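Trainee: Residues per chain, in single letters:
There are 2 protein chains.
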Amino acid sequence: MQEIIEAAAESDWRTPDPDNTLYMEIDSAAPDSGRVIIELAPTFAPEHVGNVRTFAREGYWDGMAIKRSQDNFVVQWGDPRGEDEEGKPLGSAKAKLPAEFSRASKGLDFHALPDPDGWAAEVGFAAGFPAGRDTGEGLAWMAHCYGTVGAGRNIEADSSDGSELYVVIGQSPRQLDRNITVVGRVIEGMELLSVLPRGSGPLGFYEDPAQYVPIRSIRLASEVPEAERSLLQVMRTDTALFDELVEARRNRRDDFYKRPAGHIDLCNVPIPTRQGNPQAL
Amino acid sequence: MQEIIEAAAESDWRTPDPDNTLYMEIDSAAPDSGRVIIELAPTFAPEHVGNVRTFAREGYWDGMAIKRSQDNFVVQWGDPRGEDEEGKPLGSAKAKLPAEFSRASKGLDFHALPDPDGWAAEVGFAAGFPAGRDTGEGLAWMAHCYGTVGAGRNIEADSSDGSELYVVIGQSPRQLDRNITVVGRVIEGMELLSVLPRGSGPLGFYEDPAQYVPIRSIRLASEVPEAERSLLQVMRTDTALFDELVEARRNRRDDFYKRPAGHIDLCNVPIPTRQGNPQAL
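If you're matching them up, the sequences are chains A and B in order. Heads up: take any position in the first sequence, counting from 1, add 388, and you land on the numbering used here. Heads up: take any position in the second sequence, counting from 1, add 388, and you land on the numbering used here.
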């Protein structure tokens, strides 16, 4: 895989749009402080991404906390106040959004994997994100893989507003696909979230507020001074080179593997990143 | 799911054989110290499990360390000495073992899932462990799911001796199935391992020995005084009740889920545990 990455041309990489990129700065136990980078997916959830951008611009999450860490499932952040307390005002964000569990498959550039999948008629990549598709139903949706970020909701399908977000930290919970609005994917810094102590309360919520992990800020990259921006680039998922990379993972040909699998699951496909060259950006 | 667990009869639970149960006591940053419980799988890897029992009996791992934590992949422990240093003597354990990547499917009580799987002809449970089977080839093997414990090896298929063990902490790396010897599964305490800081060296090895997580001891439950044993019981995977539980996860019928998946992946099936009643044991 390393050889394929090294052979990549400039055109095999893309720089996420700073207007679709969140920087989440967390203060956890040293040396785990740092920046988590999330790429937003307006292609799949335009309304929710719109709200998320508003929350970031207006500093909604600044000073809030990561309040849930459930082993082999999700880490979640948002307003730490209880259900029975008044929450922080949403500012200019919309109070009510439609559920965006899926979108029309028509008009979406979908790069399908040939591999069978138990959860979806087809799986592959769209707009750089792992996704499922059912052309019979005419729908496509983002898949819940490691690093996928979604909008927490209550029982009602349209009860999410994007203020409460979670990220998958364990085995892909694909049963959530088409049941919740996915807003993006962590492209750097997963290891800052995945190591957080698990909460001892129901669903992994921290029982003692002292356990909350403070969020210093969540900002759009486009609103951060250029000198403070990350130069992260993501490998394109719609190229011949990416197909080659997937095949190298589907059938491992190095000396360690004695029996190549001949298969890969959507959520086992790595999407490489690199630090871009400041001159080239 | 909770209702199904509560409806379980005594006969739906089993108590792992203390001779196939390891207690790994680790000293990580408080409050993460504690006991990890591993159930060994002699049904699948009798030779490796034999060595593991010997290592535990002779205190081979006591004072050793967890030395690798690779995000979304594995945590690994064993002798922290480098490849070029002389390792700790193996004691009465065998220096050379055969690769035990799979076993004959004949004679194995295999409880198959109806769900399709991309990695194996069939998947299901055997001896309480998630497993794959190919009756055409006449083989069965343990699957790499969250919590699966395997024996690290070098390039040669038969280069593992069971002294170096890893546990899966991320998305199921099923490409390892049939490529490495699996010795068991963590049945309690995963959250003590999954939160360990990721190593910054290649493959997630800790670069600074100060980062090593000390192993106080690894013992067979059968060699620990009864008063210090855990009363953990594991749900049987070959019962009608377990089928019911799998179905409840395959098609979630609670108010939250708007569209039941109609499918479950092997590694998404939870195997419940409970604290047994000391009187009943």
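Among the clues, some could well be false.
Identical copies look the same in the list; a pair holds intra-copy or inter-copy alike.
Each computed DSS-like pair below joins lysine-lysine, with the alpha-carbon atoms no more than 25 Å apart [claimed, not checked]:
# : residue 1 : residue 2
1 : K646      : K476
2 : K494      : K646
3 : K646      : K484
4 : K646      : K482
5 : K476      : K494
6 : K494      : K482
Don't read these hints as lab results, they were simulated from the structure. Since the structure is predicted, the reported quantities are computational estimates derived from the model, not experimental observations.
Trainee: Given a CA cutoff of 25 Å, do K646 and K484 count as a within-copy pair, a between-copy pair, both, or neither?
Mentor: This pair counts as between: shortest inter-copy Cα distance 19 Å, intra-copy 54 Å.
Trainee: With 25 Å as the alpha-carbon cut-off, assign the pair K476 and K494 to within, between, both or neither.
Mentor: The answer is neither: 38 Å in one copy and 62 Å across copies each exceed 25 Å.
Trainee: At most 25 Å between C-alpha atoms: does K646 with K482 qualify within a copy, between copies, both, or neither?
Mentor: Only across copies: K646 and K482 sit 23 Å apart there, 54 Å inside one copy, limit 25 Å.
Trainee: Within a copy, between copies, both or neither: which one fits K494 and K646 at a CA-CA cutoff of 25 Å?
Mentor: So K494 and K646 pass the 25 Å test across copies only (23 Å; inside, 41 Å).
Trainee: How would you label the pair K646, K476 (within, between, both, or neither) given a Cα cut-off of 25 Å?
Mentor: neither (56 Å within a copy, 28 Å between copies)
Trainee: Given a CA cutoff of 25 Å, do K494 and K482 count as a within-copy pair, a between-copy pair, both, or neither?
Mentor: neither (27 Å within a copy, 61 Å between copies)
Going down the numbered hints, you'll see the structure goes against 1, 5 and 6, while the others check out.
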